[in-house]
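Engineer: Chain by chain, the residues:
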Amino acid sequence: MNYRRLLDGAVRFSPRLAVVTLWLGAALLSMSARAEDLTFERDIRPLLKAHCLDCHGGSATEGQLDLRLRRLMVRGGDSGAAIEPGKPEESYLLARIEAGEMPPGNTKMEAHEIDVIRRWIAAGAPTAREEPQEIGEGLGITPEERAFWSFQPLTRPAVPAFGPEDRVATPIDAFLVERLKAAGLKFSPEADPRVLIRRASFDLTGLPPTREEIAEYLSDTAPGAYERMIDRLLASPRYGERWARHWLDVAGYADSEGASNNDAVRPYVYKYRDYVIRSLNADKPFDQFLHEQLAGDEMVPPPYANLAPDAIEKLTATGFLRLAADGTGSGNNTEESRNQVIADTLKNVSNALLGLSVACAQCHDHRYDPISHVDYHRLRAVFEPAFDWKSWRTPDQRRVSLFTDADREKSAAIEAEAQQIAAERAEKQTQYMKQALDMELAKFEEPLREQLRAAYETPAKDRKPEQEQLLKSHPSVNISPGVLYQYLPDAAEDLKKYDARIAEVRAKKPVEDFVRALTERPGQTPPTHLFHRGDYRMPKQEIAPGDLTVAAPEGQAFNVPRDDPSLPTTGRRLAYARHLTNGRHPLSGRALVNRVWMHHFGRGIVATPSEFGKLGEAPSHPELLDWLACEFADSGWSLKRLHQLIMTSTAYRQSSRRTPEADAVDADNRLLSRAPLRRLEGEAVRDCVLAVSGSLNPTMYGPADPVDADETGQAVVKDDKLRRGVYVQVRRTQPATLLTTFDAPDMLQSNCERRTPSTVAGQSLMLLNSDFILDHAARVAARVEREANEYVLSPELTEGVSRPAALDGAGWQYGYGRFDEAAGFVVAFQRLPHWTGSSWQGGPTLPDPQTGWAILHAGGGHAGNTAEFAAIRRWTAPRAGRLSIAGTLGHGSPNGDGVRGRIVAQNKGLLGEWTVHNSQAATAVESFEVAAGETIDLVVDCRTNSNTDSFTWPVTLTFEGKPIASQETFSGPPPSGIEAQAALAWELSFGRPATREELQLTLNFLGQQMETMRADARYASKPEAERLRQAMTNLAQTLLGSNEFLYID
Amino acid sequence: MGVGSLALAWMLQQEAQAIPANVRGNPASFDLKPKPAPAAPRANAMISLFMHGGPSHVDLTDPKPELSKRDGQDYDGEVQFSFVNRASKKLLGTPWKFQKHGQSGLDFSELLPHTASVADDLCVVRSMHTGFNGHEVSIRYFHGGIPATLGRPTLGSWLVYALGSESQDLPAYMVLSDPGGHPVDGVTNWSSGFLPSIFQGTVLRPKEPRILNLDAPPHLQGSLQEQNLAFLQAINQRHQQARAGENDLEARIASYELAARMQTAAKEALDVSRESEATHRLYGLDDPATKEYGTRCLIARRLVERGVRFVQLFLGGQPWDNHNNLREALPGIARRTDKPAAALVKDLKARGLLDTTLVHWGGEIGRLPVTEGSGPACGRDHNGQGFSIWLAGGGVRGGMAYGATDEFGHRAVENVVTPNDFQATVLHLMGLDHSQLVYYHNGQAQTLTNNRTARVVQEILA
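Read top to bottom, the protein sequences are chains A and B. Numbered per the working numbering, the first sequence spans residues 1 to 1049. Numbered per the working numbering, the second sequence spans residues 1050 to 1511.
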């Protein structure tokens, strides 16, 4: 899709003049306001509203004093006029306030506020306009309050003009660049393609791009490659999982009920989570998505039986209204807790859909925003019929069964079958009982036998006392089914077979499944009363359902019909849902697109996504917000299209690098002259680690993966199936430690309107030491070992990069050569070319045509046939230091003439010489200095006779105090592909190849680790390959804990 | 060109209005480096022994002879009960003896013999008043400044927000939780609310490991992990250099450094085995009854000694909540905590730390003078109308009782002190003004005491 189309016509429009005029006009207005142009409506009423109107004008007029209008203040109350215009000293109101007597309570007016009132009275108490003759109940809404930005009618602004140099790709850019230019800024250059695909992948799927995806994108040089990449991501099922999590945050999703200590698990709520994922993946039009969540039940004809898939989906959607903590099924079914559920639901709904915390108006008129106590209850009345607190339904009672009549029939048929077997069993049991009784009674003589039988067969309640006594004194006659096995063991076994058959038959019954839904009971419409001070025990007048008054123009408040006669339910929620999605709702329209924007840019156009009132922040780009809201609705409520629109903008595609110039003007980047740097959320940290380690289980949907405390006290996923974080159980009292450590909400209170990334040492400790990270680092190491041979190292990456000696075994080389007796040094050293798996030699068969019998293995070897082919173990000092050598040269045969061992240093020459023949010699060399890179050779030659020259010579080099034992550090060929493994680890972690410098740093690190491990008791006796795997694990852990991994450019 | 017209009009309107300004802001970044207090502080650290549940002041710190005299008679006045079903008006004189202690002659009952031994260092405030009998309402009042409101920043958060920490090797605000579990309201007892999360309390677990993930795994301990960290910081530095000015990246590099230092510093700080035999005995570590709480008190001292700003100890469940069986249960919890709490005061004093460390002991409510239930297993119901706490050190006068309840101990009647007064006083001792210590949230200047009436209790300052 080309969004330039949306720009057609915009270039010709120039709003500059208009805006400048407005700016000047407003500035003048502002200046004159300072020049004592105070008015009641703008300056005084908000103060009185915050402090006084609760008792003097809102729902009460104590002392007969009403402060809602200036003329009412002049008229005054029981104590006379409240103000004397022009005479602050004679104004009673001011006197009481200044004396600290009013307002009562602890919150007093501030001095500057009192001063404003004084100056206003002194100026004659002017009003902005003639006051109305009639004033209804309540506070009403003044034009000044209506002028607040978020209550303005939503209209589609014209796209600002721009020039070709502005790099405007979508209308979004046109709005942004206008502000940027005004601040002397411009967009940053486009980010590197690798950055773009990584950014887009995290944004849309919450996962890093795979190497294949990156390669495909980089190799796509045709126009539209970026757009195709975005489309591919939007089509991924991972998209729904990612964006569902955002919605679940604000909806307040949790897998447990909360509100009580046992925090009962919600067994069916996962279906709502799955509904959200499926809806987003299907790009269900967002208006429909909201209709279903607010009123899905009203779109399905009751009774809710034999439900078709579409009906199940709609009922599942209403789970949205069942997310608030609900302890009414956990022993706390009080009227108070019922009303708390309703209040919390209203909070979630208003946070998510209105961008306002209407909760402030639960107890009284909102102090700062024109949301009245009545308005709050108008909203409540929309939801009241479904909640119905007087005849409340607990969570279990609200479940809707998915059993169909067919299921029930089948179940009944199966039960009948089971009953049949049960009847057979009963009959059989009766026979067995009789048999047992007869056997037992046979042990007694008549007449006792018959007396006992009579007593036994008389029902317990009809037994005579003597019969009771009789049975008591003959306990063995008291046969019951429970003790039958003691009399007839085979009979008991036989009956068990019946039980098994019954269980088997019953197991075939269809399992009854449920959805967590909110439904109304048709014909049962409870009234909504205004609760005085929010207290359900103090109901006042009845309130009819409706939207917030201020969300519509004066006199046009949206009233929801009390009942829709065309529906079995009241239709209130459906009507309200349709109203909210009419495309021009000032609050919900803005609130929805603002959230989407927030998840793309790290901050909303309004930085307080659930506080669009006076206590929130003002929008940074109000026209852009309005344009997006209108565009979203006008183009069919497609969320995926909105993503495309945003992500194809120049603004989104910018580099995230700061510049001093932009920082000087706009350090917070409110104007978006660069892309923001963002940290991964908790779920993304987990998911990304799983993806890099190659263990992410892509299974979607279904019950949450439960969380439990491990032995260290962390809440971890039990029997981790390694699915994405969105499937990890959100248990309010026990949220997964990994996720909450990285700021995932615990939902303990209610919903989460916005996550705040924190930076605490606990996160670092987790990345350093937790089982989770250690486990997955090991998996990364195993993965790179597995996949490195298919990884092509580019020449430009490896050019000039050198492998530290410590990575080539423990500094040992195994070869042959000659000791030059005249010079005292080793000459012509060559590596033995063939490795058998346990020894080095000249070739696969011995003697080798060239090197003869020369062999080296862990304990020693065999000298070559001549002095030219002495067997030599060569050790290279990794750095300068002190070295001492100890060992025992041995020769175990009387044949031949034995062997000669020499130790030769590269700089000092011969250090010692020993000859053994069917004997042993200690080969000690005292401590001496070696230079970095100096070689030490252990040379064994055959002397003059090349017969029977096998030798043993374990040697321990003690270098800088640490022992290096020749046997334990003996190794085959150095592992191939260390460089490839390291480079692959980088690329998997960061989505880009390492640079040469980084590769060198990494190899140095690995070499350092290998050297440390060889001298470390925990690792010294392990095979070299295991040490290397540990070093790679440590590399992987480091990369997974690094800032480049945790932050997205 | 200026800002958008709508926003402009709105901003101008807002500027002219007397609603809370939201243009004022917070610092661009936050840290825990030590910050000087605006006024000369008397205390630079605080240890709070939070005794939630409601310690029975009339049986511990507030002698009421009239109550004892009229034991068994009906109370004439009006009683504020919580549990009406078991309510009675029958006065219950304390079953325990009170005695005067120290030079100051401060009264304590025989249930607190060790606390009594440091009487001259304590200021017992006998006129605490929340006005609410419920636990949660009053606990939230003490922590967050507003009765019943959950989720606000706690006293400790405000302190470390204002003052940072003297230790960069340990968390600034630490909570020592009880093996019996968290108190009511759980983790919100140390939440940072709307303050940035670096100011929230770090919970030490009640048993080893007291900090999760603190120990390097055995196979990495030592130079291997040091090399890992050095390599990590090297690549982080390279990453950061290309992104100059990104505070979050710097903060994370710093947090790794803190984590690495904590691996040794916290381990060392939490290792009470380094203390002498005598110290162990002082805190009661040699007695199963006092060992657990004593260990935590000792850890608290070690933390404060190392520069931690605020340490708070909680109890599991509500051991002071003696609705029943007062005669058995109260001596039990008193015994568990009395010796360790007194030891903390003695030990801090002996080390010269008491002058600058404020120690707080107290619950959120007290208990009623009348019985709840009857017979030997009777108890006392909640009482938020009057109860005691004590303070020691940190600029508070020792050896004094402040304020008073009525002759039965039900209501605070003289020099009433509310949790807000308590908070204002604590902040004052730390060199802070409760009305000036603000954080801007949702455009409003927020304070701990939330513009409620709050008074620095000057009379108890040394």
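Source of the hints: derived by calculation from the structure; they are not laboratory data. C-beta atoms are modelled at their ideal positions from N, C-alpha and C, and glycine is treated no differently. Some hints here could point you the wrong way.
Stated by the list, open to error - Distance condition first, Cα-Cα at most 30 Å in a straight line; then the derived BS3-like pairs of lysine-lysine:
1. A:186 x A:640
2. A:718 x B:1316
3. A:962 x B:1149
4. A:718 x B:1256
5. B:1395 x B:1149
6. A:87 x A:108
7. A:497 x A:434
8. A:540 x A:390
9. A:496 x A:508
Stated by the list, open to error - From chain A, some residues computed to sit far from chain B (all C-beta separations above 12 Å):
10. 84
11. 110
12. 224
13. 335
14. 403
15. 451
16. 467
17. 503
18. 529
19. 640
20. 757
21. 769
22. 786
23. 795
24. 1040
25. 1049
Engineer: With reference to the structure, classify each hint as holding or not holding.
Structural biologist: The hints, checked one at a time:
1. Restraint check for residue 186 of chain A and residue 640 of chain A: satisfied, since their Cα atoms lie roughly 28 Å apart, inside the 30 Å limit.
2. In summary, the hint linking residue 718 of chain A to residue 1316 of chain B is supported, as the alpha carbons are separated by about 29 Å, within the 30 Å threshold.
3. Between residue 962 of chain A and residue 1149 of chain B, the direct Cα distance comes to roughly 68 Å. Violation of the 30 Å bound is thereby established for this hinted pair.
4. A threshold of 30 Å between alpha carbons decides the hint, and for residue 718 of chain A with residue 1256 of chain B the separation of about 22 Å falls inside it, so the pair holds.
5. For a cut-off of 30 Å, the pair hint linking residue 1395 of chain B to residue 1149 of chain B stands: about 19 Å separates their Cα positions.
6. A hinted pair counts as satisfied when its Cα atoms are at most 30 Å apart, and residue 87 of chain A with residue 108 of chain A qualifies at roughly 23 Å.
7. Restraint check for residue 497 of chain A and residue 434 of chain A: satisfied, since their Cα atoms lie roughly 20 Å apart, inside the 30 Å limit.
8. A distance of roughly 16 Å separates the Cα atoms of residue 540 of chain A and residue 390 of chain A; the hinted pair therefore holds under the 30 Å criterion.
9. As the CA atoms of residue 496 of chain A and residue 508 of chain A are separated by approximately 19 Å, the hinted pair is consistent with the 30 Å bound.
10. Residue 84 of chain A, annotated as away from the interface, keeps every beta carbon of chain B farther than 12 Å; the closest lies near 21 Å.
11. For residue 110 of chain A, the condition that its CB be more than 12 Å from all CB atoms of chain B is violated, with the nearest at approximately 8 Å.
12. Annotated as non-interface, residue 224 of chain A keeps its C-beta farther than 12 Å from every C-beta of chain B; the closest such distance is 30 Å.
13. No Cβ of chain B comes within 12 Å of the Cβ of residue 335 of chain A; the nearest lies about 17 Å off, and the non-interface call holds.
14. Every Cβ of chain B is farther than 12 Å from the Cβ of residue 403 of chain A; the closest lies at roughly 39 Å, confirming the non-interface assignment.
15. Every beta carbon of chain B lies more than 12 Å from that of residue 451 of chain A, the smallest distance being close to 53 Å; the non-interface claim holds.
16. Consistency note on residue 467 of chain A: stated as away from chain B, and its beta-carbon is indeed over 12 Å from all of that chain's, at 46 Å minimum.
17. Chain B leaves residue 503 of chain A outside its interface by the beta-carbon criterion, the shortest separation being 40 Å against a cut-off of 12 Å.
18. Every beta carbon of chain B lies more than 12 Å from that of residue 529 of chain A, the smallest distance being close to 23 Å; the non-interface claim holds.
19. With a minimum CB-CB distance of about 28 Å to chain B, residue 640 of chain A clears the 12 Å threshold, and the non-interface call stands.
20. The non-interface label for residue 757 of chain A is inconsistent with chain B: the shortest C-beta to C-beta separation is roughly 7 Å, within 12 Å.
21. Residue placement check: residue 769 of chain A does not keep its beta carbon more than 12 Å from all beta carbons of chain B (closest about 4 Å).
22. In this structure residue 786 of chain A is separated from chain B by more than 12 Å, as the shortest Cβ-Cβ distance comes to about 22 Å.
23. For residue 795 of chain A, the requirement that its beta carbon stay farther than 12 Å from each beta carbon of chain B is met, with the minimum near 23 Å.
24. The beta carbon of residue 1040 of chain A sits about 10 Å from the closest Cβ of chain B, which is not more than 12 Å, so the claim that it is off the interface is violated.
25. At the 12 Å boundary, the C-beta of residue 1049 of chain A falls inside the reach of chain B, the nearest C-beta of that chain being 8 Å off.
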